[in-house]
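Novice: Those letters in the sequence shown? Residues 1 to 95, by my numbering.
Do not rely on the hints blindly, as some may be mistaken.
As the list claims (entries may be wrong) - Okay, the calculated beta carbon distance ranges per label pair: (1) LEU10 / LEU84: 15 to 25 Å; (2) ASP62 / ALA16: 18 to 28 Å; (3) ILE7 / THR52: 26 to 36 Å; (4) ALA21 / ARG70: 38 to 48 Å.
It should be emphasised that the hints constitute simulated quantities derived from the structure, not laboratory data.
Where a beta carbon is used, it is the ideal one built from N, C-alpha and C, also for glycine.
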Amino acid sequence: MSLMSEIQALREESQALARKASSVNEDEGPAVSSAAQEPPADRVSEPHDVETLLKEINGTLDEFADELDRFPRLTALAALGVGLAAGIVIGRQLR
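Can you make the complete structure from the sequences, with help from the hints?
Specialist: In structure tokens, the structure reads:
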């Protein structure tokens with residue numbers, strides 16, 4: 001299966017879930033259920049910490065050190081991702 005076909009399959013699955021969710025919400029009426037108001041269990045409810053984020057990123061980059069040395073474009077993308085993630089976390093803290 002190619003990457004494009006995987007992306008299309010995920011898109012179709014997410015659209016089907018969105019249609020299912022909208023039809024369930026229409027059946028419930030204007031009131032929102034208490035289950036819909038609760039945050040998902042897999043999300044962290046505590047505030048984001050830059051130091052924790054950077055420790056996790058450092059550990060992940062250590063795991064892929066060999067690949068990063070061999071592929072300079074991957075290194076550039078990793079640096080871009082780290083900067084973007086740090087910017088998002090810092091921006092949320094400043095709000």
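Novice: Now tell me if each hint is right for this structure.
Specialist: We went through each hint and held it up to the structure:
no. : hint                      : verdict
1   : LEU10 / LEU84: 15 to 25 Å : holds, 22 Å
2   : ASP62 / ALA16: 18 to 28 Å : violated, 39 Å
3   : ILE7 / THR52: 26 to 36 Å  : holds, 31 Å
4   : ALA21 / ARG70: 38 to 48 Å : holds, 43 Å
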